[in-house]
Amino acid sequence: MTNYLEFERPLAEIEGKAEELRAMARRSEGMDVEKEAAALDRKAAGMLDEIYRTLNAWQKAQVARHADRPHCKDYIARLFTEFTPLAGDRNFADDHAVMGGLARLQDRPVMVIGQEKGHDTKTRIERNFGMARPEGYRKAIRLMELADRFGLPVITLVDTPGAYPGKGAEERGQSEAIARATQKCLRIGVPLVSVIIGEGGSGGAVAFATANRIAMLEHSIYSVISPEGCASILWKDAEKMREAAAALRLTAQDLHKLGAIDRIVAEPKGGAHRDSLAAIDAVGKAIGAMLGELDGQEPDALRRARREKFVKMGSKGLAA
Amino acid sequence: MNWISNYVRPKINSLFSRREVPENLWSKCPECGTMLFHRELSDNLNVCTSCQHHMAITPRDRFAALFDGGVFVDVPVPAPVADPLHFRDQKRYPDRLKSAQKATGEAEAMLVGEGEMGRSTVVVAAQDFSFMGGSMGMYVGNAILAAAERAVERRCPLILFSAAGGARMQEGLLSLMQMPRTTVAVEMLKEAGLPYIVVLTHPTTGGVTASYAMLGDVQIAEPGALICFAGPRVIEQTIREKLPEGFQRAEYLLEHGMLDRVTHRTELRAELITICRMLTGLPPAVMGDLPAPAEGPEAASTASAEAAAAVLNGDPAK
Ligand SMILES: [Zn+2]
Numbered sequence: 001m002t003n004y005l006e007f008e009r010p011l012a013e014i015e016g017k018a019e020e021l022r023a024m025a026r027r028s029e030g031m032d033v034e035k036e037a038a039a040l041d042r043k044a045a046g047m048l049d050e051i052y053r054t055l056n057a058w059q060k061a062q063v064a065r066h067a068d069r070p071h072c073k074d075y076i077a078r079l080f081t082e083f084t085p086l087a088g089d090r091n092f093a094d095d096h097a098v099m100g101g102l103a104r105l106q107d108r109p110v111m112v113i114g115q116e117k118g119h120d121t122k123t124r125i126e127r128n129f130g131m132a133r134p135e136g137y138r139k140a141i142r143l144m145e146l147a148d149r150f151g152l153p154v155i156t157l158v159d160t161p162g163a164y165p166g167k168g169a170e171e172r173g174q175s176e177a178i179a180r181a182t183q184k185c186l187r188i189g190v191p192l193v194s195v196i197i198g199e200g201g202s203g204g205a206v207a208f209a210t211a212n213r214i215a216m217l218e219h220s221i222y223s224v225i226s227p228e229g230c231a232s233i234l235w236k237d238a239e240k241m242r243e244a245a246a247a248l249r250l251t252a253q254d255l256h257k258l259g260a261i262d263r264i265v266a267e268p269k270g271g272a273h274r275d276s277l278a279a280i281d282a283v284g285k286a287i288g289a290m291l292g293e294l295d296g297q298e299p300d301a302l303r304r305a306r307r308e309k310f311v312k313m314g315s316k317g318l319a320a
Numbered sequence: 001m002n003w004i005s006n007y008v009r010p011k012i013n014s015l016f017s018r019r020e021v022p023e024n025l026w027s028k029c030p031e032c033g034t035m036l037f038h039r040e041l042s043d044n045l046n047v048c049t050s051c052q053h054h055m056a057i058t059p060r061d062r063f064a065a066l067f068d069g070g071v072f073v074d075v076p077v078p079a080p081v082a083d084p085l086h087f088r089d090q091k092r093y094p095d096r097l098k099s100a101q102k103a104t105g106e107a108e109a110m111l112v113g114e115g116e117m118g119r120s121t122v123v124v125a126a127q128d129f130s131f132m133g134g135s136m137g138m139y140v141g142n143a144i145l146a147a148a149e150r151a152v153e154r155r156c157p158l159i160l161f162s163a164a165g166g167a168r169m170q171e172g173l174l175s176l177m178q179m180p181r182t183t184v185a186v187e188m189l190k191e192a193g194l195p196y197i198v199v200l201t202h203p204t205t206g207g208v209t210a211s212y213a214m215l216g217d218v219q220i221a222e223p224g225a226l227i228c229f230a231g232p233r234v235i236e237q238t239i240r241e242k243l244p245e246g247f248q249r250a251e252y253l254l255e256h257g258m259l260d261r262v263t264h265r266t267e268l269r270a271e272l273i274t275i276c277r278m279l280t281g282l283p284p285a286v287m288g289d290l291p292a293p294a295e296g297p298e299a300a301s302t303a304s305a306e307a308a309a310a311v312l313n314g315d316p317a318k
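Protein chains in written order, with full-length UniProt numbering: chain W, 1 to 320; chain P, 1 to 318.
What the hints contain is simulated information worked out from the structure, not anything from laboratory work.
Hints may be right or wrong, so weigh each one.
Said to hold, decoys possible - Rough simulated footprint, nothing fancy, chain W against chain P, three-plus residues with beta-carbon under 8 Å:
(1) 38-46
(2) 71-85
(3) 88-99
(4) 148-161
(5) 203-210
(6) 218-230
Only a predicted model underlies this, so the values are computations on that prediction, with no experimental measurement involved.
Each residue gets a CB set at the ideal place from its N, CA and C atoms; glycine is no exception.
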């Protein structure tokens with residue numbers, strides 16, 4: 001069953017009609033509806049194409065948050081072998097919003113780290129909706145250190161609404177943990193590549209994505225603040241999220257133009273949630289390509305390049 | 001360069017560009033309600049003489065109180081691309097910038113100065129909350145990079161006073177990118193073996209706290225300062241419960257191990273001098289007025305600079 005987004009309603013109606021026709025035909029012997037149904041299919045396909053070719057920023061935010069969109073766990077399961085999760089920050093707890101561990105990417109040992117949102121009520125609560133606490137960032141720091149010591153490339157998969165705004169998280173140093181994770185990203189002497197697979201939410205994302213190469217899925221978003229948050233602050237009206245999303249330039253396309261990301265990974269027709277495996281494989285290819293660009297570089301060169309990348313970032317704006 | 005020649009440098013501006021405030025002005029302490037004579041308040045660095053509540057202070061006034069004789073030189077900050085996103089909410093971003101510039105008389109939300117403090121060179125950066133909430137955008141990133149570069153060039157400490165509501169939303173992701181960008185600046189200091197001291201002032205929140213403001217070698221805060229990643233209102237909405245008294249205030253963070261010290265504004269200068277001198281291997285500061293150096297104007301500061309350089313280079317002879 002497809003979970004349609006509000007702007008997909010016309011599409012849902014047509015696909016629904018086609019399905020109804022076919023269900024009717026199954027019930028009544030000798031009734032041939034295939035011609036009409038096929039016409040509806042074609043119409044739906046055209047509409048799907050059109051909708052996804054012209055998604056606006058707010059619609060992309062909804063696609064990026066789609067419940068059926070493949071999550072970190074799905075990417076790890078399909079792209080890597082021998083995934084060996086490593087847990088805990090060695091100080092306080094294991095944060096289930098962050099998963100990570102040793103794995104092989106086409107036989108090559110790597111460290112993979114990402115935020116996992118969960119896929120149903122139970123797992124969403126368990127994963128805290130992908131919102132890490134300080135322990136999550138400290139776990140990531142520990143895994144990056146481990147990778148650095150043994151020369152393993154680090155791959156991060158970013159999908160978070162942001163760092164968790166909670167009492168305990170603040171008391172245990174949410175800011176410090178994020179700052180140290182970003183610092184660790186800048187310090188490691190191994191290749192670090194990031195893919196924004198869904199939501200790149202603010203500081204919680206940056207702490208994972210201060211990388212040598214950054215890719216974004218075509219309909220993912222990466223932003224300093226959620227459109228809703230921005231709307232309520234600058235427009236004094238949370239309902240102005242459409243305007244805020246557009247103004248923030250949070251789409252992969254705009255961020256590529258701004259020079260904030262390196263590549264855009266095309267999604268299957270109708271978004272990653274309509275063909276998870278194809279989306280995951282496309283991300284796998286992009287990770288391979290990005291690692292390939294960094295192969296053979298010395299630790300110092302990797303560090304220096306990473307720093308220069310961020311120092312230079314933003315030196316050009318969007319073209320007028 | 002030494003502390004005497006500083007007085008005659010052409011670019012001196014601190015003493016003369018301070019906005020004059022009418023002498024007979026009274027202001028009310030927002031904390032205890034005491035009416036304070038303006039002069040009394042500014043002499044006490046905008047700290048209420050009755051309840052010790054720390055009110056906002058501009059970077060220029062802070063620098064005037066911090067540097068020897070109030071003398072410092074602005075460290076130039078490269079101008080970033082203006083309005084990179086062509087951002088518009090209810091107002092155009094360039095218009096918001098212009099009104100902030102008009103209201104504060106400053107170019108942007110951070111001021112960087114260089115001068116002597118306790119007769120040794122320091123670079124100081126201070127964030128201006130009155131300029132669009134002190135928000136961190138490309139300019140603030142450029143300012144911190146410029147400050148770090150200057151400190152490395154002079155082989156001196158960098159002291160940073162933070163004050164910000166967070167990132168500058170009008171610069172979108174580019175404002176968020178100042179988190180790694182300013183962290184590069186911090187790394188430059190660490191690699192050069194130079195002290196980076198952070199003084200967190202009210203309020204320091206969001207992406208600013210989660211980057212350069214939490215990465216100091218020594219972390220000091222002013223009393224009562226709100227310091228957090230997520231603000232108390234956001235947290236109350238999320239967890240639907242009342243937060244304890246003093247939550248996310250400087251004293252609370254000190255108790256939770258997130259700070260080294262909470263220091264009264266009027267004692268900060270002496271404390272910063274003490275810490276910087278120890279971290280750079282200088283002898284204890286001589287308090288009070290010193291006679292002019294006997295061996296001629298260049299001798300004292302050259303000697304101390306050499307001593308500092310020797311320590312930083314790990315010269316075993318020193
Ligand atoms: Zn008072």
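Now for the hints, and whether the structure bears them out:
{"no.": "1", "hint": "38-46", "in the structure": "violated (count 0)"}
{"no.": "2", "hint": "71-85", "in the structure": "holds (count 6)"}
{"no.": "3", "hint": "88-99", "in the structure": "holds (count 3)"}
{"no.": "4", "hint": "148-161", "in the structure": "violated (count 0)"}
{"no.": "5", "hint": "203-210", "in the structure": "holds (count 4)"}
{"no.": "6", "hint": "218-230", "in the structure": "holds (count 4)"}
Hint compliance for this structure: hints 1, 4 are broken, all remaining hints hold.
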